[in-house]
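Given the coordinates of chain W, work out where chain A should sit on it, guided by the hints.
Which chain is which? The protein sequence lines are W and A, in order. Sequence positions in the first sequence follow my numbering and run 1 to 110. Sequence positions in the second sequence follow my numbering and run 1 to 110.
Hints are computed from structural coordinates only; laboratory data are not their basis. Any given hint could turn out to be false.
Pairs count within a copy or across copies, as identical chains cannot be separated in the list.
What the hints assert, rightly or not - Derived DMTMM-like pairs: lysine to aspartate or glutamate, alpha-carbon spacing no greater than 20 Å straight-line:
(1) Lys23 <-> Glu33
(2) Lys11 <-> Glu110
(3) Lys11 <-> Glu84
(4) Lys96 <-> Glu83
(5) Lys35 <-> Glu110
(6) Lys4 <-> Glu83
(7) Lys4 <-> Asp86
(8) Lys96 <-> Asp86
(9) Lys4 <-> Glu84
There are 2 protein chains.
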Amino acid sequence: MDSKELVYLLKIGIINENLEIYKGLFSDTLPSEIKDPYFIDAISFFNNLPDEHKRIFFSILRQVMIDSISNVLGVIDGSSSLEEHDGDFSLLYEGKSLEYLQDYFLSQFE
Amino acid sequence: MDSKELVYLLKIGIINENLEIYKGLFSDTLPSEIKDPYFIDAISFFNNLPDEHKRIFFSILRQVMIDSISNVLGVIDGSSSLEEHDGDFSLLYEGKSLEYLQDYFLSQFE
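Okay, chain W solo, but in the shape it has when bound (with noise of 0.2 Å):
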């Protein structure tokens, strides 16, 4: 697997699939059927919004995991740093370096 390919994973594999998973939760959840108080705020309040605003609601989601995603990978880059800390990460697949992560991965938002 090299950077793109891992990039493209990303994207599929928790952008596209958490999506579909916070699609379910929010639309099939009863709210009988939960005691979590933040979950049970949640579906409230996903149910309190008109039906174009739920669309308008993912689509808020979906930016947010760009968002963090793309942090991360700014961070193991070293294009970002954490405080203080100017060291270097290196993220390795098998032994073979991968690098330039968040700028593959936002590229395929553009």
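Here is chain A on its own, set in the frame of chain W:
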């Protein structure tokens, strides 16, 4: 930096920081200032939420960030796999291997 330090920095440097950025963007952006269609929809969506639902909205965004970063760390750890690829990733910081990232990361939110 060891694994525990990295996941702490991902929490404060990505999740907490992005949450503040999103709060600022959604709360302080005037519709007249924006041209991007996604963002126009997103701001209109947010401005139509009752105040109590704005709080829930941000808690959902926080959970989505936690989920997606956790998923990436699971791939790096090898605890989840991408399609049919079952080779090993390794993440190094200054040549030193970082492991159990997903578990350490998620334990911060229990």
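Inset, instruction - Could you tell me which of the hints above the structure violates, numbers in ascending order? - result: none
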